[in-house]
Each structure stands twice: as C-alpha cells, then as structure tokens.
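Chains as they are written, first to last, in my numbering: chain A, 29 to 236; chain B, 9 to 585.
Derived by calculation from the structure, the hints in this document are not laboratory data. Among the clues, some could well be false.
Stated by the list, open to error - Computed footprint of chain A on chain B; a stretch qualifies when at least three of its residues, placed anywhere within it, have a C-beta under 8 Å from a C-beta of chain A:
(1) 144 to 150
(2) 197 to 204
(3) 279 to 290
(4) 293 to 306
(5) 392 to 406
Said to hold, decoys possible - Below 27 Å or equal to it, Euclidean Cα-Cα: the simulated DSS-like pairs (lysine-lysine) are:
(6) B:Lys153 - A:Lys132
(7) A:Lys228 - B:Lys153
(8) B:Lys153 - A:Lys123
(9) B:Lys153 - A:Lys157
(10) B:Lys153 - A:Lys130
(11) B:Lys538 - A:Lys79
Being a predicted model, the structure only gives us computed values, none of them experimental. Beta carbons: idealized from backbone N, C-alpha and C, even for Gly.
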Amino acid sequence: MDLAILRVASFIIVVHMSSILAEGATLFSELSNSLTVSATGADNTSPNGTKAGADELFVTWALSSAAQVDDSSYKTVELKLCFGVPSQIDRPWRKTNNVLSKDKTCGFNIGSPQPYNRAGNTINWLVRKEIPFAHYFVRAYVLDSAGEKVAYGQSSNAQRTSNLFRIEAISGRHASIDIAAAVFSAFSVISLLGFFFYEKTSTRGRKA
Amino acid sequence: MAKRSSNNLDTAVLRESRSPDVKFMKSPEAAGDQGMELPDQASGYAHRTSYSVASSENTVSIPNLQFKQFEQEQSELEDDSESEAPFSLPVDSENKAKKIKFFSAAKPHMRAFHLSWFSFFACFMSSFAAAPLLPVIRDNIDLTKQDIGNAGTASVAGSVLSRLIMGALCDIVGPRYACAFLVMLTAPAVFSMASVSTAAGFLVSRFCIGFSLATFVTCQYWMSSMFSAEIVGTVNGCTAGWANLGGGAALFIMPLIYHLFQHPLACDSFVAWRLAMFVPGMVQVASGLMVLYLGQDLPDGNFRELKEKGKQVKDSWSKVIFYAITNSKTWVFALAYGYSFGIELTIDNIISQYFYDRFSLPLHTSGVVASVFGLMNIISRPFGGFLSDWSAQRLGMRGRLWTLWISQTIGGLFCFLLGRLDQLGPVIVVMVFFSIFAEAAAGATFGIIPFISRRSLGVISGTIGAGGTFGAILTQLIFFTSPAYSTETGISLMGIMIVCCTVPIMGIYFPQWGGMLWPPSKSRNATEEKYYLSEWSKEEQEKGMHLASLKFAENTRGERGRRITPSTTNACAVTYA
Numbered sequence: 029m030d031l032a033i034l035r036v037a038s039f040i041i042v043v044h045m046s047s048i049l050a051e052g053a054t055l056f057s058e059l060s061n062s063l064t065v066s067a068t069g070a071d072n073t074s075p076n077g078t079k080a081g082a083d084e085l086f087v088t089w090a091l092s093s094a095a096q097v098d099d100s101s102y103k104t105v106e107l108k109l110c111f112g113v114p115s116q117i118d119r120p121w122r123k124t125n126n127v128l129s130k131d132k133t134c135g136f137n138i139g140s141p142q143p144y145n146r147a148g149n150t151i152n153w154l155v156r157k158e159i160p161f162a163h164y165f166v167r168a169y170v171l172d173s174a175g176e177k178v179a180y181g182q183s184s185n186a187q188r189t190s191n192l193f194r195i196e197a198i199s200g201r202h203a204s205i206d207i208a209a210a211v212f213s214a215f216s217v218i219s220l221l222g223f224f225f226y227e228k229t230s231t232r233g234r235k236a
Numbered sequence: 009m010a011k012r013s014s015n016n017l018d019t020a021v022l023r024e025s026r027s028p029d030v031k032f033m034k035s036p037e038a039a040g041d042q043g044m045e046l047p048d049q050a051s052g053y054a055h056r057t058s059y060s061v062a063s064s065e066n067t068v069s070i071p072n073l074q075f076k077q078f079e080q081e082q083s084e085l086e087d088d089s090e091s092e093a094p095f096s097l098p099v100d101s102e103n104k105a106k107k108i109k110f111f112s113a114a115k116p117h118m119r120a121f122h123l124s125w126f127s128f129f130a131c132f133m134s135s136f137a138a139a140p141l142l143p144v145i146r147d148n149i150d151l152t153k154q155d156i157g158n159a160g161t162a163s164v165a166g167s168v169l170s171r172l173i174m175g176a177l178c179d180i181v182g183p184r185y186a187c188a189f190l191v192m193l194t195a196p197a198v199f200s201m202a203s204v205s206t207a208a209g210f211l212v213s214r215f216c217i218g219f220s221l222a223t224f225v226t227c228q229y230w231m232s233s234m235f236s237a238e239i240v241g242t243v244n245g246c247t248a249g250w251a252n253l254g255g256g257a258a259l260f261i262m263p264l265i266y267h268l269f270q271h272p273l274a275c276d277s278f279v280a281w282r283l284a285m286f287v288p289g290m291v292q293v294a295s296g297l298m299v300l301y302l303g304q305d306l307p308d309g310n311f312r313e314l315k316e317k318g319k320q321v322k323d324s325w326s327k328v329i330f331y332a333i334t335n336s337k338t339w340v341f342a343l344a345y346g347y348s349f350g351i352e353l354t355i356d357n358i359i360s361q362y363f364y365d366r367f368s369l370p371l372h373t374s375g376v377v378a379s380v381f382g383l384m385n386i387i388s389r390p391f392g393g394f395l396s397d398w399s400a401q402r403l404g405m406r407g408r409l410w411t412l413w414i415s416q417t418i419g420g421l422f423c424f425l426l427g428r429l430d431q432l433g434p435v436i437v438v439m440v441f442f443s444i445f446a447e448a449a450a451g452a453t454f455g456i457i458p459f460i461s462r463r464s465l466g467v468i469s470g471t472i473g474a475g476g477t478f479g480a481i482l483t484q485l486i487f488f489t490s491p492a493y494s495t496e497t498g499i500s501l502m503g504i505m506i507v508c509c510t511v512p513i514m515g516i517y518f519p520q521w522g523g524m525l526w527p528p529s530k531s532r533n534a535t536e537e538k539y540y541l542s543e544w545s546k547e548e549q550e551k552g553m554h555l556a557s558l559k560f561a562e563n564t565r566g567e568r569g570r571r572i573t574p575s576t577t578n579a580c581a582v583t584y585a
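Next comes chain A alone, as it looks inside the complex:
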C-alpha cells in the first residue's frame, strides 16, 4: 500500500515538474498584456505622495476589453509594486531584465495572490514601512494552475516612464535615536579629555 502511494506520488510529481518545464514563460516579452490595472489613493485621490506605514493604496484590476485572449488558463493574480524608470537610473540592483527569473523591477508584493475572475477586483493595501522612497507603478501578473506567469497588466505605460506615483517612505530616524547618538558621542569625548587632564594634573602633582 505504501509502495503504491509512493509510486503514485512520484508519478504526480514528475507530471507536475514536466508541466512546469513545458508551459512556463521565461521571458517578459512572451506574456500577453491582458489586464488593465489602476492604482489610487484613499477616496479616489491621486496615489502620489502616499505615505509608507500610514496610507493605503487601492488597486483595481480587470480583464482588458481590448485584449482578445483566451483566459481559460488564468487562475491566480499577483499584484506587485514595481519601480518606474526614474527610480532605476544609476541603481543596477533594480534593473529590468527580460528574463523573468532575473528581473528585479518588481520588488514588493501587494497583498496575497487572489483568484482570477473576468470582472476583476479591487483591493486596498496598507503601504508597508519598508517600502523605500521611489516612483512606482503597479503590475499584475496572471498565473496559471502551475504557478507560471502567463499574462500581465500594469498601471504605467509600456516604457514605465509615465503614470507613475511617488511613495513617501519613513525616514527611520527618531528623536530618541538622535539623542542617544549625541549622548554616547559626548560621553566618548568627555571621558577622553577627562582622563587626559586627570593624568596630566596628577603627574604634575606628584612631581611638585
């Protein structure tokens, strides 16, 4: 019985693996642009100036009416926060690469993967505190049942240069940190000078 289960399980694994190898798109250019995605701030305001840790982003996606695609393989949708071109200049760690596995454009997940439906969905997402200051757009990847990317949609233009929004990050500085730094620095300098002058006067006293 166990042996049979083992055989069946390994067969399933092999099929699954081969399906992954067979179906998945490895290049971004192979994906079809089938979704429309838009992002706004609270109350339908511009998302520009959204504050990390405080504000929410409202992301809407739906199947694009212009795209004539067969969406039978579309199973889940992943939303990602991606860097626009102005924030990629001189920053090779955010470089766009056509090979999907090497692409670093989209660094942050917006919410968790959701099931696909033609009418689309809207989610609101509290912008996390580790999101850095940059110009962003939102991209939605559509995954098939094997978890491979098959389609996408994004809120900016194809070149990622317009329709971007700015997120204001937290600075990470706190008054208490600044004060602690000042106190430690003062301690360092004062204890040094104190020691120096103490030794100077005590040797002078000894000699006198």
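Once you have looked at the hints, place chain B on chain A.
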C-alpha cells in the same frame, strides 16, 4: 629604571673585556637571525625612545642594539638577579619582551599586545560596518551607485592623511594616548551614522569613521616599543592580521545584529540598521577606555615620564623625509601595497552587495559569505610574513621579492577569475584563494619594508601604509563607482590592474643583495654598510649619527641568503666601543 640600565651597561662592558670569545662568537649569528625579523613600521621611533632610556647618562655613543644582544647572553648564561625583572616575560635591556605568550594578559607587554590589536580591530569593524547593510541603507536614503561608490572611497580616504600624521603624534604623546585619541574622537562619527538621512551625510559619516584606520600606526608603534627586534616582526604581523579580521567580522556580525533588531525586537528595517550601528560605536568606546585605563606606553612606564629623562640623538625631520621621498623603493612598494592591502579594503566594501545582488543571497547570508574574505586574515597575513622570512633564509632578499611578486600576481589572476564566474560555489572557492594570496602579499610586503632604509624607516613605513589605503581609494573610484560597467566587470578589470601594478617590483634592486631578475653586484662597494650609510652625509657621520645604521647593516647580512654565512668577526662588539 635609568639606574638599572646603566648597571646593565657596566656589566655588559665588563663581560666584554673578561671573556670575549664565548659571547662574541654567538652574537653575530644571532645578529644575522635578528636581521631578518627586524621591526617594521615605526621601529625608528622606538629606537629613538630607547635612546632616551638607556643613554640618559650619555657617557657612550654606542647604539643600544648592541647591548640588547649582550643582555640576552647575560641572562641566558648567568643567574643574574638583575635579569629577574618584575615582568612575566623574559626581557632585554630595554625591558622589551623577547617572547610572546598569546593567552596571557600580563602587564605590560601582553596587555599592550591585546589592547592594541583589539582597538585596531574595533576601528576596522566600525569602518566597514555600513557595507553589509547597504541593501537596506540604499533604500532608506535613496542612494545611487555613485553615492555608494563615493562613500566607500571616502571610508578609506580619511586614513591616508591620518596615517601620515599618526606617526608624529605617537612621538609626541605616546602610542597609548594617540590610539585613545583616535578611537574616542572617531566614535562620534560612528554614532552619527545612526542619524544620517541624505547621501551627503552618509558620505561624511563614512569619511570621518575612516580616520580611525590610522590605529594601524599606533598598533605597530606600540608593539615596536614593547617587543624586541627578533620577534617584533611576528608580533606586528599578528596584530595587523588579526585586526584586519575586523573587516570580515563586520560583514558577518552586522547583518546578525540588524536581524536581531528587526525580528525579536520588532523594529522597522529602516530603524533597525540605525540601531545596529550603535554596536561598533560602543565597542570602539569600550576599547578606547580599556587602552587608557589598562595600557602603558613603554615597559618602564608612560611616555611623559620617560621623555623627561634625557635627550636622544635627534635627527632632522626634513632629512628623514627627504631620504624617504627620494628612495624609489618607497613608491614602488606604496603602489604594490595599495594593490594588495588596498584591494582587501575595496573587496570588504563591495563584496557583500555583490553576493546580495548577483547571486540573490539573503542579507545575512551575503554577509557571512563575504566575511570569509576578511576572516582569512587570521592566518594568511601572518603566513605571508612567515613565507617571506622562510624564502629569505634560502635566497635572501631575492627570495623575499619573488615571494611578494608571485603571491600578489597570483592574487590578481584569481581576482580576474572572480569576476568572470557566475556560479556561486566556484565564486566562493576562487574568493578564498584570492584572499589568501592577496593578504599573504600584504604580509610579505612588511617583510621587506624594514630593509629599505634605516634612517627613514618610520616615514617610509607610514608612506607605504598610506599607499595601501590610497590603492583602495583608486580602485573603488575607477571600478565601482561608475555606472558604465557592472560590478563583475569591475572586479575582473581590478584583477588585471593588480597584475600590472605588481610588475614594478621587478625593478627593485639592492646592490648588495640583488633584485628579482639580477644577482647582487660583484663590486667591492656593494655592501650592506655602503647601502645604509649612503643616507648619511660626511658631517653627520663625523658626529656619529650613523652608528645605528651601521649596526643595523651588520644585522642584515642574513639577507644574502645561504650563499654567504654571516661573518663571525668580533667587529660588532669591539670596533665601535
């Protein structure tokens, strides 16, 4: 103390007249051995201070080195109560230790040893603390590649100037205060890193922290004051090597501290890295306090008391600097050291990000892997010094030069290979070999430096040390700041540049010992004495200022290798009395 040294002087002179054969036969060979392990870096300063101790009565003009040898013979052969010093290690006539006990913290020698390498280690850690956290910092402060490259350059730039100044400061206030001043006054820069919010602030902070790397000079100076000539080479190699570990330790420890603040203590990532910077700062302050409280400048006491005892043979600064600058070897080795030690500093700055970005390792894993490069220093730098000494025993100075050239060139080739590979496993293996050869080359450089000059030894060592950090500046500016090429291309090009900048070593030539490609000159004038006395003018020689160089020349006879056994004449003892 002064009385005791004069007693030793008298007894030594007495022994000399009583039984010349036994002791004098031994000493020249001992001198030859000592010649190979001569103090590097700041022994010029150390010897000046030693004059103030032993020649306070100033009845003799004989260099102190001579008496050190007799003092050894005396304590070995006689149960003289005078050599039972209140020290836990055997000492010579200047009370410098002749042996080293790593697991002891006894006053004053071993305590000074551990204080000095640890304070240098703390400074190294602070200087490279920001490097492994760059993936977080670059997001927090919105840095570009140029900003990061410039800050990395700045982190080593400050020390070029401070290393040059620190030698003079050690002379004035002593190594203990010089070290404590540097460490305690740069600690505020480390704390200020927790408050930066712009690229400019980040750069200034790293620049100011970088000044602390001049503790290299105080470390070498302090060791040269505490340990005698025959082991000071090993001692200096150990302290420099173990302190360089600080660069590797920073890459390893900082991500761990960052994660500690991030997860168990639930801080935001942009806050956690700032808090993490407090740790190297506090370690630095603690080491400075320990140096002040527990340390001592010289075996006999502190600097201030001893300086007042007597005037030593004072040399003119301008002459010393002149002979340092006009010696072409200084510049060849400054360039070469820049491409062994300087490369090490550059790699410490960029390698963590390289693993994070190119191989997508998580932050703490990148730090651990990257730290292996710096951590190899625990054996590779002392090994380089040892290899230099070992090759000198067989081939003399030519062996030392070949050892340096071979290890540095092979290091350059491994560097070139490092940039070409894109599989993680081979990259790590190549990086380990690269670190071994590059750091061994740095250690081997300081096996040769004591022989370049006797008069200007301190300034030359300081210049070459500064050249090391200058090499780091140059490579970071050229290869890792511009967006024109990727990090891996930069690494490969740096490897090629290492090989090219090592070529000038082939041009080094000592008339009495030869060079890499030429044997020593057969002329009768090609002697060690002629070489070292060429730095002293006729008038200066008439004043007897050259005698230390003459003695030194005698000791360097061993650099001829096995071809010529050191002369066993009694010239050293009797002639200059």
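How the hints compare with the structure:
1. Requiring three or more residues with a Cβ within less than 8 Å of a Cβ of chain A, the coverage given for the segment 144 to 150 of chain B holds, as 4 such residues are present.
2. Here the segment 197 to 204 of chain B counts 4 residues with a CB under 8 Å from a CB of chain A, which clears the bar of 3, and the coverage holds.
3. With 7 residues having a beta carbon nearer than 8 Å to a beta carbon of chain A, the segment 279 to 290 of chain B meets the requirement of three or more and the stated coverage holds.
4. Counting residues of the segment 293 to 306 of chain B whose beta carbon lies closer than 8 Å to any beta carbon of chain A gives 5, which reaches the threshold of three, so the coverage claim holds.
5. Remark: the segment 392 to 406 of chain B is not confirmed as covered by chain A, as 0 of its residues place a Cβ nearer than 8 Å to a Cβ of that chain, below the required three.
6. Taking the CA atoms of Lys153 (chain B) and Lys132 (chain A), the gap is about 16 Å. The hint holds against a cut of 27 Å.
7. For the proposed pair Lys228 (chain A) and Lys153 (chain B), the alpha carbon gap of about 48 Å is over 27 Å, so the pair is violated.
8. At roughly 12 Å between alpha-carbon atoms, Lys153 (chain B) and Lys123 (chain A) fall within 27 Å of each other, so this suggested pair holds.
9. Using a Cα cut-off of 27 Å, the hinted pair Lys153 (chain B) and Lys157 (chain A) holds, with the two alpha carbons roughly 23 Å apart.
10. With a C-alpha separation of about 19 Å, the suggested pairing of Lys153 (chain B) with Lys130 (chain A) holds against the 27 Å cut-off.
11. Distance check on the hinted pair: Lys538 (chain B) and Lys79 (chain A) sit about 75 Å apart at the alpha-carbon level, beyond 27 Å; violated.
When held up to the earlier numbered hints, the structure conflicts with 5, 7, 11 and fits the remainder.
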